[in-house]
Amino acid sequence: MDCNAAKSRFFAYVDGELAREAEAELEAHLADCPACRRLVDLELAFREAYVERLRPEPAPERVRERVAILVRELADARGRARRSRWAKPLARAAAAALLLTVGIAAGVAIDSWWERRNSLAVFAQAAVDQHQKLVRGLLPPDIQGVSPQGAEEWFRRRLPFNISLPPLRDESLRFLGGRISHLGSVEVAALEYQIDSKHVSLFIIPDESYERLRLKEKPKFKVMNHRGYDLIIWRSHGTGYALVSEIGSRSCLVCHSPEDKLEFVTDAAAHL
Amino acid sequence: MSPNEGADFHRLTLDHLDSLYNYARVLTRKPEDAEDLLHEALARAFRAFRRFDPLLSYKAWMFTIIKNAHIDHQRRRRNGAVEDSGGEWAVEALSAESPLSSIPLAPDDILLRQETIGQVRDAIRRLPPALQEVVELRDIEGFSYQEIARIVDRPLGTVMSRLYRGRNLLRTYLVEPQRAGHRGARGLTDGL
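Protein chains in written order, with the numbering used here: chain A, 1 to 272; chain B, 1001 to 1192.
Only true hints are included.
Facing chain A, from chain B, some residues (calculated, C-beta under 8 Å):
id, residue
1, 1006
2, 1019
3, 1035
4, 1042
5, 1043
6, 1044
7, 1046
8, 1047
9, 1051
10, 1076
11, 1117
12, 1140
13, 1160
14, 1167
Derived by calculation from the structure, the hints in this document are not laboratory data. Glycine included, each C-beta is placed from N, C-alpha and C at the ideal position.
Model the full structure from these sequences, guided by the hints.
In structure tokens, the structure reads:
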């Protein structure tokens, strides 16, 4: 090992991050090279004099107070949402009232992301971002190796909104798994499928968040292309859905059999 | 999330708040944006907390969430490609302007100058963002190289390279504060 190679390893050495073999090589060089030994000793002295005394600066008291309030509000909102979920067996009128509570609770919890930027374009961006992360393996699944119905049960026990997954209706369709994920700060169910080895993500969105997408008027679905990805967004039985893929209307196989007529997909294409 | 989990989240967050806020400041470079970023990250973390493994580092987990929230925010704001904090191109520009071989590694001059901790901290803040980030994560927060790679979502080799460049540049700032500051203003921080 020459001195240049040795110098390139000094930081990792004093950080204790060199592999055992590389560390042995460097120490052999240091034993024979007083100049490099001196540099390492100085580096250790520099570390002792400065680096080891560096600490994160205290957060301002104002920040500390606001964070404490935020965390309390999040906990309160979650508590209200849980209580409303347990009350489902009650009479319809009571359920409606509790749904309002869920909406209020979620409204408090959902950060200003939705409030400030509730456009479809922003939603599409968030869905594409999540799809990319899922495809790249940056968001590992919470469950895999189960059927869509198994996943449905898993999500129903963990999310406070209706999760309904169709059975696999085509041989080219594979269900890879799912996770609880976020679009912006909205908690959603994220499902991963493959159709002929092409990835398709299905996001299931709580109704109160979906309503902010301005899709209440007909048509209650939207087909669009955003940053090269095909999105189909729709609402059914009080729950929002978004499909993201690069295979256009073929992604509809997640929910429909190949024989189903899906005229809206070809007719309603709208590009952001 | 159970009441106990909520209390755990509250306690862990306040225990690590200085680090969390500082990292948000490193990424955004503005105190007001840092607070917004921190709030968004905490909202995300709260919802995901039941999946957090208490045997792992809460701080490392939160840093990853802050980083992801920051990337998402940049994407939304620019409605286009993600820029890493500082951007790869900025690090390359730094490399072209200050080849590693020309940067003195020896910290003896700095030791002789008897800089204060405050001066070292100021010098770290003047580093290009991508380099400042890894120097802060290692030298102030004490993360391992592997943890840093996970947080910044970059290969281990990139982390080591940035740390090497960042620490060496930091030393040039400390040895030659005026000259390095001038160069930094013109060549190293423009457009980062």
